[in-house]
Structure formats: structure tokens, C-alpha cells
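Dock chain one against chain two, each of which comes alone in its own frame, and use the hints as you go.
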Amino acid sequence: MISSRRAGADIRAVAEDTLISIIDDDESLRAALVGLVRSLGYGATGFACAEDFLAAGAAGLSAAIVTDIQMPGLSGIDLKERLTADGCGAPVIMITARSEPGLRERALASGALCVLKKPFAAEALIDCLERALGK
Amino acid sequence: MSSGDHPGQSAEEALRESEYRYRNLFQAMAASFWELDFTPVGAMLRTLRKQGVNDYAAYFAENPAFVREMMRVTRVIDVNDQTVALFGRGDKAELLQALDVYWPEESNHVYAASVLAAVSGAPSYATETRLRKLDGAVFDALFTACFAPEAVAAGKLLIGVIDISERVRAQGMLRQVQAEFAHAARVSMLGELTASIAHEVNQPLAAIATNASAGLRWLDRPEPDVKEVRALTERIIADAQRAADIIARVRAMAGHRAPEPAPLAINGVIEEAMQFLAHEMQGQSVAPRLELARDLPLVLTDRTQLQQVVVNLAVNALQAMAQTPPSARRLTVRTHFNDGAVLVTIEDSGPGLDAAQQQRVFESFFTTKANGMGMGLPICRSILESYGGAISASNAAEGGAVFVFTLPAAR
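Residue numbers (our numbering), protein chains in the order written: chain A, 1 to 135; chain E, 1001 to 1411.
The following block holds chain E by itself, in its conformation from the complex (with noise of 0.2 Å):
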């Protein structure tokens, strides 16, 4: 202890002075601190050890029971006021017992593995978990274990807890709110794209009424002619699935889900998202030129909403290109893998952006057409930061738009 602060004064006095510094700061904090004790938790993997186990980390996941047996002979010995008014009921006494009441059987692995932690020499270990207040209510929480070495030889650990219900409800909501923005974004995408899916679906309707008047003439005649009929009422069949599948793609992209992310090939949702744009990029003269990269990792996305970007992005592209000749309209998607991260470029042909354009492309509400909302590429960053990716645009050397955006590769 050290008695240089105050020249004179004894080191008895400098240690109640530090006590009652230390005193202070544990009861006023505004987080919730506890102090344990957990010495019979030290006996007990010293019990471990001798027979024979050395992985704990295995042997806490196999064996939950022991677990609870751990919380359970660890005592609370120490609380201040804000956890008695987190936890508690008012009486600071009632929360002074064992620590298993406060830890949810949902929990049970952060309990673990705050103790090999300790045990591994770590200084402190934090993260979020959920807890349980005296009264069975459960919560989120942010919980920290401070394990100074000289405490944790003594057997004592000091705990905080700060509530982080209201943070977790709110991200919750904002989450819930993306998607349904997501959600708005593809049905209006989908708006854009009315004429050329009434266009697709037309076209087998048309086929299977052809096919349907000609089979009654078939059969009108003297000598009905059967082959005929099989033949095109085959052909009836397959049209009528095309039709069906137009509509299925079309519902999946405006259907409102919630996102479901999983690992997927992006090359194959680009491909889709190509597919599904096939019929208004022809009725602009316009073939996509697809360069892919194989072998390329998965990346961790949801299906629809990758695909929405994607579509997005070659709308965009090819409004860029209604004023170039039809000649002159090139359309590229490029996917490689660099560094950690799937890249997929979107390159057009059209005028490119402006400066001012590049700087202000991805704000809410800025738009460049006549009737557009501005809202398709913010929401398309927004997606891509949830799963951890970017988006950037900027011009190609030959004049159009490049928009580059990047994907984590899925460990």
C-alpha cells in the first residue's frame, strides 16, 4: 500500500483511505456490482483434475449438471444498491445466497465460461447473456467478471451487470422496421417491373389458349386426330408450370418474411436475379454478360433480400441505359473473391454519375428520376451492412456506373 499521497500519514491510514475509496465507488456505481465468493468452486475442479479431466471446456458442455452445481456453491457475499434495486426486492440480505437463482438454465454456458476464464488467467471476461431477477423475471444483460489475481487466489471475484434490455428491444424494433422497409422497396421494385412480368405471364396464357382452340378443331374433324391433341395438350401442360413458376418467383420477391439467412452461392442468386429480369432486359436489347467466378465461398445472407439488391442494382442500370442507343448497351456482373469477402460488380454502360452523384448516391430520398423515390439504394446498403458487407459506387473507365458491393465469405 502506498503511503506517498499524503507525506506523514500512516500506512494504516492509506488503507482505510483505499478501503473507503473502494467502498464508495461499489456502492454508488450506477452498474450493478456483486462481489463472490467461489472458493468451493476451486475445490471442486481441483476434484476434476484428479480425476483425470483436463479439457473443462468439454466436460462443463457435457456435463450441464455440474454446471449448476458450480453456481450453486458459489455465494454472493457483497451486493450495492443498484443491485438490489435491479435484482432484488428491496432487502439487500435476501440477495446475499447462492448464485444459481440469478443464472437462467438458457445461460448456463456463459456461467462456464466465465469460470474457465478464471481459471485460464484472463483478467476479466464479459459478454451479453440474459439473467434472472429475484422476482423469475429473465432479461438482457451485460455481464463482466474482473478476475485480479490476488482476488481470484483469495477465491473472491467481483462481478458487474448493466441492463441492456431497453438497447436489445430497440435493435429488435429497428431490425423489425429494416425489413419491413426491405420488404416496401421490393414492391415497388416489383411495380416497376409490371409490364414485363404481365408480358412473361402473357406469353404462355396465349400459348395454352392457342393450343386449347386448335384441340377442338383436331377433334371436330370426321376423323378426330388424337396424336395432335396428346401432343398439344402436352404442350399445354409445360406452359401452364411456366406461367405458375413466373408467378412463384414473383411472389417469393414480394412476399414479406422475415429474413432467413443462410449460406448461400451468390453466383446462383445472380443468375436467378438475371432470370428473373430476363424478359424487361430483352425488351431493352440489353444482354447481360455474366462473369462469375468459380469456386467461390458461401456467403451468410438471406435469399430474397440478396436478390432484391441484386435487381435492384440492374434496374437501375438499365434506367441509366434508356438513353443510349440500344446498340451500345452493355450490362456486365462480375463475382470474384478477395480477401475474406465475395465481391459483385454491377457495370452498365449508361452515362455514369456525376461527382455529386458518387457523393450522394446511397442518401434516403435522393433520386435522379423523375418519379423515383430514392429509397432502392439506401436499402440495399442497409441489407448488406446487416450481413456485414458494403456497397460502393464509382465510374468505369469507358463512362457507365460500376456499383461494387461485397459480401463476408460465410466461415
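The following block holds chain A by itself, in its conformation from the complex (with noise of 0.2 Å):
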């Protein structure tokens, strides 16, 4: 049985779970996107933004990122390029409010895995992890 345990001051200790990367700047969505992921038997951590991510050395360690794209500081595509440039594989999931034209194709173009727009149905996200994650 998968646990789910809440991730510590040391990601690594998790390491053996299956561990979703949750990014987004808004408190309140990150915290309810950890639970729904933890929810279905992952570990997941949040974290308010991608430079936060790539200072914790979370990239190696995540089957899967879920990330807002349009934060303070580095994007969730600029992200994905970052992870590609430096050849981390893990598929990115990108969620977004906003609805400006091309913002899909771009994020697309960068490697996301799938692209949804806020507010989504939570089986939305479910499906786009399990394709993530190979099931």
C-alpha cells in the first residue's frame, strides 16, 4: 500500500514513494492541490515557487511536476526549459488562470505534458498524472 506521508524538512527521506512536485504561487490552491494529489496514495510537496524547487534539488527526485505558469520570478515554462537544459525528464504539468492567446501553444512548445486552465475538474489533473506517470 502506497503511503502517503507528508513531506518533511528533508525531501529525500520520501524518496521511495512516488513524489509529485506541486509549484504555485497561491497558498491556498498549492495547499489543496497537495492534499487532492496525497488524496490518491503520492507523496507530494508545494512549493510557492520554481526557484524554491530547484534550491531544494526537488527536480531528480519528482516522477511528476504540477506547476502554475505564471508566477513572480521564473515562469512554469521557464522552468520546463530550465528541467529540459538541464536534462531532467520528468513530465511537467502546467495549470494557469490566464487565457491570453498562445499562452497554451507556448507552454505546449516548452514540453508540458498537458496544459489545464483554472478552475479544473479534479479528474482532469488525475488523468494528466496517471498519463505522467505511466499508468
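Keep in mind that the hints were calculated from the coordinates and are not lab data. Not one of these hints is a red herring.
In the SDA-like style, the derived pairs of lysine to any residue whose C-alpha atoms are separated by at most 25 Å in a straight line are:
1) A:K118 <-> E:L1190
2) A:K117 <-> E:A1238
3) E:K1092 <-> E:Q1027
On the chain A side, residues computed to face chain E include the following (Cβ under 10 Å):
4) D25
5) A31
6) Q70
7) I95
8) R98
Think of the CB as a built atom: it goes at the ideal place given N, C-alpha and C, for glycine as much as any other residue.
The following block contains the structure:
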């Protein structure tokens, strides 16, 4: 049975669980997403920005990444481009509340597995996660 | 009496001529003129003094019946044609009665003030008030009283009345049109902010939907995890409140209420305006800097309209910086107090205003935006001016635009 442990200060301790990293500057949505992913039985850690995610060395440990696109500092698209450049192949699911023309195309072009518009049905995110985890 | 005008004229003739000129003036003037005999009022005031009353103003304020009695003992001795036309019903004699019938209760304080002016030795007294015609109609009037020393000593007063109903009505209509214009500008501004407002509301909605789905999954487990469900339910409540607050702010800004001026702390209104635009500014990589002076006096203004001015200036600043590289975008808002007024400065790091723009930026329909209507700044100016304030624009030393507006400190 997959245990759903809350991520602690040292995320390497949950490396044996399937870890999904959630990056969103909106604190309440981030908490909700971490809760949803844990309710599915996976491990989940939240980060307020891409910089925190990178600084924590979480890229190499994440089975999948769910990230907001529009954030102060590095955007979700910037992050995916950085990960690709660093040779990190973890699947990235992007979420956004913005509807600018061309944003979805740019996100997909950067290599996002899925792009979801907020507010999205949980099922849509779960579908993407299962695709990401090869299920 | 001078007999110098016509050498050889007797003093008697000069006096008659002077009287004749006065009578003509009195009769024919376009203003409504009255000659009053207020000798009995003098007697009433002497009685008061004997009773030890020294502060007439306070006594009048506390004894409205005394004020009405002063009016009743004041007699109208003479009126001109215009008075008959304005107040009367065609018969001059009907108007020559006690004064109280022409003074509605709501104007008692004005009559009292005119008596105070007379006994204090002032040469005249003038104010806007409401008076009553013989047919009972109450109207807005400019009331002037002339207290020539010799006349006052003889118990006589000269009064002039001008009907200002039309002017008052026009001012009322102008205020209403201005309020409607300001409302239209607010709604239009909200239209420009729709994308970021929608974004802001979608965040808590997405969180609520996500929490709720997770809740079902926790409950579907062989052992439902009640602790998790409780935690996420509390998050749902907080998120719903957040969405409701955003909607409330938008409704307040879009609302069409009559302006309600009240003493306000300007710093608080500025912080609210920045909060309102937080999402929009974040989306444009602008972190506003607030340098708000402490201990500013309150200003008398309508909260929504003041927010409108600040939001409008901030949105203009953001739009000005659209072509500036994100890392170079700066928006600074400062407040300070100077010389009886509170000053608010909004400075951006955009391209600034050229000489032509500086001249015209407050003109109606002047705009530098492709889809602009050019009404935001003129409306800001008329809002500020209606509260005794002003606004101006110039360039900062570093190149961006600086808008400064002032509002007088509330007394």
C-alpha cells in the first residue's frame, strides 16, 4: 500500500514513494493540490515558486511536476525549459488561470505534457497525472 | 447733504433730488428690495441684556421661539415691484406685514445670524438661504442685508433678495451628471481589469473544487480520513470567503451610489487601491513601493471616488510601463502633508510625458492609447476639484511620469 506521507524538511526521505511536486504561488490552491495528490495515495510537496523547487533539489526526485505558469520570478514555462536544458525528463503538467492567446501553445511547445485551465475538474488533473506516471 | 452738484441749488432741492434718485433705484432695481422696521427687535435685545444675557448667539441657538418672535415684531414698511413679483400675488399692500411669514423654520439660523451681524456693527450680511413666498412656496434665495449706521440707529434695515433657484437646480444637475460620469469611468476601468479580476476569482474557485474532490477521495477509503476532510473543509470556507471579498470589492467599485463624503485616512484608501490591483500588478511584474507619511490629517471625500482616482492613476502608470523591460518597472506612491493639504504622488518608470501631453493630459477625449476614450483623467480632476483638491502632471528626474494630487485636510 502506498503511504501518503506529508513531505518534511528533507524530501529525500520520501524518495521511495512516488513524489509529485506542486509549484504555485497561490498558497490556498497549492495546499489543495497537495491534499488532492495525497488523497490519491502519492507523496506530494508544495513549493511557492520555481526557485524554491530548484533550490531544494527536488527536480531529480519528482516522478511528476505540477506547476502554475504565471508566477513572480521564473514562470512555469521558464522552469520546464531549464529542466530540459539540465537533462531532467520528469513530466511537467502546467496549470494556469490566464487565457492570453498563444499561452497554451507556448506551454505545449516548451514540452508540457498537459496544460489545464483553472478552475479545472480534479478528474482532468488525475488523468494527466496518470499519463505522467505511465499508468 | 451736498449742494455742490448744482451750484445755486438749495439744500432742500438737493435733498429732494437725492430722495428721488433713491426711490427710483429702490423701485426699479431687478433685485427684490425691502425696507424693514426692526425697532421692536432692539427693545427685545435690550431686555435680554438686562436679564444678563451677554452671548446672543448662544441664546438664539437655544431659544428658537425667541428668534421667531423677533421675526414677528419686525415689520415690512416698503417693498419694490420686484418683491411683489417674486413674493407676492400682485398686491403690494399684502406684503407689508410681519416678517415671519417669509422665513421658513429651516432658515431660522440665518435670520439669527443677520441680527447678530447688525448688532455687531457689521456693514452688511449676505448668505444663501431659503425663503417663503406668500403662496407658501419655499425657494433658494441670495439674502443680503444692509446695515447703514444711521438707518440702524433709526431702527431701519434695507434687504435685497435674489432668486437663485435656477442656479441651485443647475448645480444639482451638474453634480448628478458628474457622479454618473465618474460611475461610467469606474465601470470602464473595471472592464480594463476584467482579465485580472477573473484570474483573481478563479484561484479560490480552483482551490475549492480541488479540495472538494480530494474530500470525496478521503471519504471513499475503507477507513475514511475524517481529519483530512476537516482540514480541507476549513480551507474551502476560507477560500469561499476570499472569493466573496473580491466580488464585494468589485461591486463597491462598480456601484452607482450618490457620493457620500466622509473624513477618511488617505493612506488606508491607497492601500486598498493597491490591494485591488495586486493581481494586475503582479501579472506585469510591478511591485509598488509605498512611502506613506504617518500622522496625516483626514481628508473629506467619498471613499469609492478616491479609490477610483488612485486606481486610475496606477492603471495609467502600469500601461505607461508596458514597453519598459519588466525588471525596470517601478511604481512609487507617496503621501505627505504640506500647508493644509494632503499630497499624493504617483510616479512610474515609463517614458514620461512629452511637452504636448503635459499640456493636454487632463483634457476630455485626449488619449495616447489606441482604444482609450480619454475620460479617466478629466474625471479624476473633476472628482478632486469637487472636494477642493487639484491634480497636476509632470516628469520625474529619472524620466517617468509623476502625477500629484492634493486634497484639503478636513477641519
